[in-house]
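Protein chains in written order, with this note's numbering: chain A, 3 to 379; chain B, 3 to 379; chain C, 3 to 379; chain D, 3 to 379.
One or more of the hints may lead you astray.
Each pair may be met inside one copy or between any two copies, as identical chains are not told apart.
Stated by the list, open to error - With a Cα cut of at most 27 Å, we get these calculated DSSO-like pairs of lysine-lysine:
1. Lys116 with Lys181
2. Lys296 with Lys274
3. Lys145 with Lys296
4. Lys274 with Lys181
5. Lys231 with Lys274
6. Lys181 with Lys231
7. Lys145 with Lys231
If you are wondering where the hints come from, they were derived from the structure by calculation, not from laboratory data. Predicted model only: the values in this text are computed from it and were never measured.
Protein chains: 4
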Amino acid sequence: MHKAIGIGLIGTGFMGKCHALAFRAAPAVFEGLPPVRLARLADVDPAVTERAAARWGFAAWTTDWQALVTDPAVDLVAITTPNFLHQPMALAALAAGKHVYCEKPLALDAAGAKQMAEAAAAAGRRTLVGYNYLRNPLLRLAKELIEAGELGEVRHFRGTHFEDYMSDPAAPHSWRTVKATAGAGALGDLGSHCISLARYLCGEVAAVQGAVQTLVPARPVPGADGQLKPVDVDDQAQALLRFASGAAGTLEASWNAAGRKMGLTVEVTGHKGALLLDYERMNELRLFTFGDRKRLDGFKTILAGPEHPDFAPFCPAPGHGLGFNDLKVIEVKALLEGLAGGQPPSPDFAEAARIAQVVEAILRSAAEGRWVEVATV
Amino acid sequence: MHKAIGIGLIGTGFMGKCHALAFRAAPAVFEGLPPVRLARLADVDPAVTERAAARWGFAAWTTDWQALVTDPAVDLVAITTPNFLHQPMALAALAAGKHVYCEKPLALDAAGAKQMAEAAAAAGRRTLVGYNYLRNPLLRLAKELIEAGELGEVRHFRGTHFEDYMSDPAAPHSWRTVKATAGAGALGDLGSHCISLARYLCGEVAAVQGAVQTLVPARPVPGADGQLKPVDVDDQAQALLRFASGAAGTLEASWNAAGRKMGLTVEVTGHKGALLLDYERMNELRLFTFGDRKRLDGFKTILAGPEHPDFAPFCPAPGHGLGFNDLKVIEVKALLEGLAGGQPPSPDFAEAARIAQVVEAILRSAAEGRWVEVATV
Amino acid sequence: MHKAIGIGLIGTGFMGKCHALAFRAAPAVFEGLPPVRLARLADVDPAVTERAAARWGFAAWTTDWQALVTDPAVDLVAITTPNFLHQPMALAALAAGKHVYCEKPLALDAAGAKQMAEAAAAAGRRTLVGYNYLRNPLLRLAKELIEAGELGEVRHFRGTHFEDYMSDPAAPHSWRTVKATAGAGALGDLGSHCISLARYLCGEVAAVQGAVQTLVPARPVPGADGQLKPVDVDDQAQALLRFASGAAGTLEASWNAAGRKMGLTVEVTGHKGALLLDYERMNELRLFTFGDRKRLDGFKTILAGPEHPDFAPFCPAPGHGLGFNDLKVIEVKALLEGLAGGQPPSPDFAEAARIAQVVEAILRSAAEGRWVEVATV
Amino acid sequence: MHKAIGIGLIGTGFMGKCHALAFRAAPAVFEGLPPVRLARLADVDPAVTERAAARWGFAAWTTDWQALVTDPAVDLVAITTPNFLHQPMALAALAAGKHVYCEKPLALDAAGAKQMAEAAAAAGRRTLVGYNYLRNPLLRLAKELIEAGELGEVRHFRGTHFEDYMSDPAAPHSWRTVKATAGAGALGDLGSHCISLARYLCGEVAAVQGAVQTLVPARPVPGADGQLKPVDVDDQAQALLRFASGAAGTLEASWNAAGRKMGLTVEVTGHKGALLLDYERMNELRLFTFGDRKRLDGFKTILAGPEHPDFAPFCPAPGHGLGFNDLKVIEVKALLEGLAGGQPPSPDFAEAARIAQVVEAILRSAAEGRWVEVATV
């Protein structure tokens with residue numbers, strides 16, 4: 003029997019709650035996981051934090067994240083704060099000897115991410131970055147199919163992450179719309195997810211040619227009576243990709259993509275077949291392979307089910323789909339297994355630093371109007 | 003602050019786990035729910051039950067369900083056993099003064115369901131039956147749209163529940179394939195879900211004309227070396243419906259519907275519009291209404307999001323879909339609110355008895371080749 | 003070289019034009035067809051008819067259909083008039099020794115259809131009824147798959163023909179809304195198409211249990227200042243089907259199906275697979291078969307292409323879809339082949355009389371509230 | 003009454019037949035068109051040409067295209083030959099005083115296209131280039147919506163033309179796989195269609211950054227016993243686009259896109275909405291606009307119907323879709339109207355030369371690894 007792992011969670015917002023629910027669910031959904039102790043919760047507003055701690059079952063709470071990261075009851079620090087806080091919090095947690103589970107993007111730039119990866123290596127602690135869309139059982143199936151050669155030689159990748167939460171010019175200015183606190187705009191917030199999937203399915207991105215646009219150059223400051231403040235990050239981004247394998251591709255991100263609510267899509271094509279995954283229908287994998295009877299060829303729609311990785315513990319019945327939050331439960335399962343001595347969780351800080359390099363290469367390419375090798379960033 | 007509600011759960015299978023996960027999640031997902039205490043778990047296999055109790059966080063376990071239903075630590079008995087056990091367990095729990103949360107179908111026949119409803123009324127206890135597909139936020143939106151008159155006068159309902167888990171003639175004989183232990187076949191197991199949605203959206207079913215077929219007349223007995231045993235329940239069923247409102251409709255159920263994994267669908271049509279919901283894409287509601295500009299008319303695909311009932315506590319972002327298990331979390335939320343003095347949970351035993359009447363009317367109609375009024379069953 | 007076949011076309015409306023275009027196209031699309039001579043066109047309005055004759059290339063025109071059916075230049079009479087005119091025109095044409103190509107439904111009732119079939123047999127002339135949706139290359143593929151046993155034993159059929167052109171209560175009274183001139187309402191106009199497909203795929207319908215509703219009991223008389231006139235035909239119809247093969251099924255028709263523009267759908271399920279065809283996406287066949295690798299099972303979407311019957315003469319490229327009018331071109335091709343000594347065109351009057359029997363059995367069943375054997379109608 | 007326009011058609015292959023069918027159909031489908039006389043057909047094989055002429059109704063035929071372009075009976079020369087023949091044939095036809103209707107791509111490069119445009123201007127003849135996908139009624143609707151501001155300011159275009167007819171490495175070497183006879187590969191054959199739609203919807207492309215790949219470097223020579231010959235054109239291409247309007251975009255083309263049969267897609271996004279068109283479902287336009295009731299927002303699927311440009315003459319019923327060949331009929335209608343003194347047909351040679359410039363800019367950019375301004379090509 004494993005000793006319970008003490009969880010310290012920083013952040014009570016969208017992703018904070020998502021983490022909390024996942025830590026509660028994972029040990030009950032999956033067999034053989036180490037038990038989890040919800041040790042401490044931190045956020046800035048005491049009333050909110052206290053109520054959340056009670057509701058989510060945390061034993062203690064604080065408004066001082068530094069107290070949390072040094073708390074002896076905490077073995078793992080989970081970071082769900084705004085981007086610019088990831089680096090100081092993670093470094094402090096590693097310095098205190100904790101494992102770290104950090105939301106994406108890892109840092110504000112590639113240098114920051116690299117520093118975090120080096121700190122993790124030096125500390126000998128386990129890390130995981132919350133690229134949760136990697137946990138989709140059908141994405142796992144997709145990778146297995148690619149690795150088994152079912153698509154033949156992969157020649158083409160096409161990915162997007164389109165949402166529309168900033169489509170309205172009246173959507174407010176925030177830490178997300180400032181380079182100094184967000185690192186990048188839609189490319190960092192959404193595009194980095196798509197890069198995580200591109201790498202997972204097709205291997206390293208070798209070079210990029212990018213373009214970025216700021217469509218809404220200034221946005222209203224909340225509570226400031228219509229006062230506008232300049233935006234210095236991208237609203238949408240496009241890139242041509244060249245993979246180390248030689249495959250070509252494109253990648254796009256936008257938070258101004260009117261009508262798209264979860265427009266994370268990937269398409270991989272080889273000379274023998276192709277597959278598509280669209281996270282607005284995340285329980286469906288579309289698969290095409292040339293068959294013996296050409297008249298029966300067509301894209302097949304495979305519904306997620308217990309035959310696919312990590313699905314069965316949720317439900318023994320196929321087509322009874324998983325939800326967005328379930329992906330986090332699978333992520334936490336991989337994390338806990340890693341902490342209990344299993345396979346190191348992935349993507350760790352080092353891998354997330356590779357993703358940050360791709361983001362930065364696209365931004366640099368866009369600024370300089372030329373192809374940029376990712377390795378040089 | 004509410005006193006914690008002691009949960010006694012009977013059954014550790016598919017739905018048992020689904021209940022356990024939901025009881026763990028609901029008080030963390032939703033604000034203001036009474037706390038829950040996972041008091042006791044019961045099932046027949048001691049090793050399985052002990053492990054499940056540990057994993058799911060139950061304080062105690064037993065192989066004696068009668069001990070569970072009389073356990074003073076238990077306030078609510080949740081029943082997830084095979085159909086034929088629902089009635090004795092629920093009656094015993096009510097007799098012991100417990101609230102009862104029972105999986106569907108409620109009983110083996112309409113008479114049994116009626117008896118259970120009467121016992122619940124006599125005991126003055128709260129009951130809820132697990133017609134979990136009623137909890138879909140988009141179904142709730144559908145009902146609001148209908149009630150607001152957006153479809154005009156409702157004239158037509160069309161529903162199915164198609165799955166294919168018995169499609170293979172080698173799928174084994176079990177309690178599900180025997181009338182004495184299951185009550186009905188696909189019509190009871192799946193069709194009853196569809197009836198629950200039909201009633202929710204369109205009101206009471208007044209009369210039915212049904213047909214049922216047993217496609218695989220005998221199935222192999224597990225572990226009996228290929229020995230076949232007769233099946234006396236339906237593999238598929240069809241019915242014409244007449245609603246009390248005057249609307250017409252059809253309903254079909256099959257567990258031999260090759261290719262369908264979660265083929266619960268409803269379509270409601272009025273003179274001003276129509277809507278469709280397909281649970282293989284349960285995060286999408288398709289809505290048509292005649293507009294001012296005919297050339298722009300078309301079915302709209304609405305993605306579930308925080309604007310829809312009960313969605314926001316899971317995720318503030320639209321299109322980040324819910325999963326099958328999340329429906330049970332919403333169901334448990336409604337249950338706990340009801341137990342804490344809020345609106346009585348629905349469908350309770352009395353409502354579930356109405357559903358049982360529709361099932362039985364279809365079976366009787368099929369046997370007699372004529373229309374059967376539901377009220378007379 | 004064949005002698006050119008002289009075509010006499012009655013009707014210049016929707017289907018009249020569709021016929022004219024098809025007669026112009028078929029001999030150019032398909033190789034080896036006998037040449038066609040557009041001999042004469044008839045309709046009631048001389049100006050309209052003259053202009054249409056010029057535009058469509060008819061050598062002559064008339065407002066006297068009786069002159070057309072006895073015109074020696076006419077070998078084949080094509081009838082596209084309102085339903086109540088089919089019978090007298092076809093009988094006159096047969097009496098004059100012509101082949102007859104008649105739009106559906108063949109007659110106002112089963113007796114009328116039978117009489118027409120007998121007249122055709124007595125005259126020894128070729129007949130074809132315009133159930134054009136039978137011509138879809140993917141429907142032909144579907145039938146081949148069923149006959150080859152790819153779905154296993156067929157157990158279930160589910161069909162609809164839903165459109166919404168009468169959904170608006172202000173849609174005017176016309177010959178279509180009167181039993182004496184239309185025979186039936188949505189069931190005859192649309193449902194008969196679906197019956198033609200059901201028979202094609204699954205064989206004869208043995209018995210039915212039907213229900214019909216008149217949703218709009220009176221409609222405005224055109225040009226009569228809002229005056230309403232009663233409607234005595236169905237706006238929507240439902241039926242349970244029992245096929246001679248033992249398969250069960252359902253069939254529905256409605257012209258009040260808000261949002262459906264070409265909602266002709268068929269689903270056929272066997273124990274090894276299933277297929278679906280929806281004429282709003284008539285270039286897509288959805289096919290499911292259980293495979294060796296359960297995790298890769300799913301419905302496949304097959305796009306129409308030159309590998310499918312009758313497609314290649316239109317286009318050598320797959321996915322470059324056919325349109326509604328192209329189905330009529332294929333129908334005319336089958337007709338011309340039949341007239342040139344090839345396989346008799348199907349469905350002829352005798353087969354269309356079988357379809358009329360099914361329609362009538364549903365109406366009788368609806369009136370009497372019991373199952374009706376089709377053979378007895 | 004117009005004098006009949008004499009048509010001289012060169013080519014009897016895929017597009018030759020498509021033209022022939024369209025010339026037969028257009029004057030019958032549409033009212034008010036000038037009559038057409040199918041004067042002469044030319045191709046290299048006498049037997050094939052003679053049979054095609056007979057089947058399609060041409061008065062004469064020849065194997066000498068030069069005889070055709072100078073034939074006094076010919077007013078319009080339609081060119082459907084391999085790419086490298088477009089320029090000499092069109093120039094000869096213009097020199098002979100004929101109007102010219104030429105398949106795409108217009109020439110082998112931008113310089114050739116420009117020369118053709120200048121020759122047409124000098125000759126004062128009407129020209130049209132066969133970018134047939136521009137004729138889709140729903141594309142016309144899309145443009146009207148964009149122009150009416152329904153999407154707000156357009157910020158993003160995303161287009162593809164993916165097919166898979168060269169996916170198989172054994173697909174043979176031909177004039178299509180040689181730069182000297184084709185000009186470009188997938189980018190010219192397919193990508194040029196997508197460019198035609200991009201320009202139509204979003205205006206001129208100002209600059210591009212492209213990448214191209216030859217995936218199958220050598221292909222078998224037909225009839226040469228497995229002998230391989232090098233391929234010097236692209237199998238797939240990607241480009242970032244910058245429109246004159248300031249909008250950004252991407253464009254991709256591939257004839258190795260396994261599973262795609264008619265993968266021409268366009269997506270246009272503004273700050274108020276978005277629309278999508280996929281030619282595998284060419285009768286469906288997907289439209290999103292932000293509405294007053296956020297909970298009802300979603301993409302609407304609009305089915306083509308008589309309310310949309312040029313649809314009604316084919317069929318008065320919505321959802322009764324058009325086919326691929328029907329687009330050519332609409333194209334021919336626009337051509338004939340232009341020849342009869344109406345609006346000049348578009349895209350003429352001058353516009354097609356703009357498309358050729360975009361193709362060439364992408365190729366140059368790919369070679370030089372930098373952004374290329376289209377105007378400078």
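Going down the list of hints, with the structure as the test:
Only within a single protomer do Lys116 and Lys181 lie at most 27 Å apart by alpha-carbon distance; the minimum there is 18 Å, versus 46 Å between protomers. In this assembly of identical chains, Lys296 and Lys274 lie within 27 Å of each other by CA distance both inside one copy and across copies; the values are 13 Å within and 21 Å between. Proximity of Lys145 to Lys296 under the C-alpha cut-off of 27 Å is found in both arrangements, the shortest distances being 25 Å within a copy and 17 Å between copies. Taking the closest pair of Cα atoms, Lys274 and Lys181 come within 27 Å of each other only across two copies (26 Å); inside a single copy the shortest separation is 43 Å, beyond that limit.
Taking the shortest Cα distances, Lys231 and Lys274 sit within 27 Å of each other only across copies (22 Å), while inside one copy they are farther apart (51 Å). Taking the shortest Cα distances, Lys181 and Lys231 sit within 27 Å of each other inside one copy (13 Å), while across copies they are farther apart (52 Å). In this assembly of identical chains, the alpha carbons of Lys145 and Lys231 never lie at most 27 Å apart, being 43 Å within a copy and 34 Å across copies at closest.
Comparing the model with each earlier hint shows a violation of hint 7 alone; every other hint is respected.
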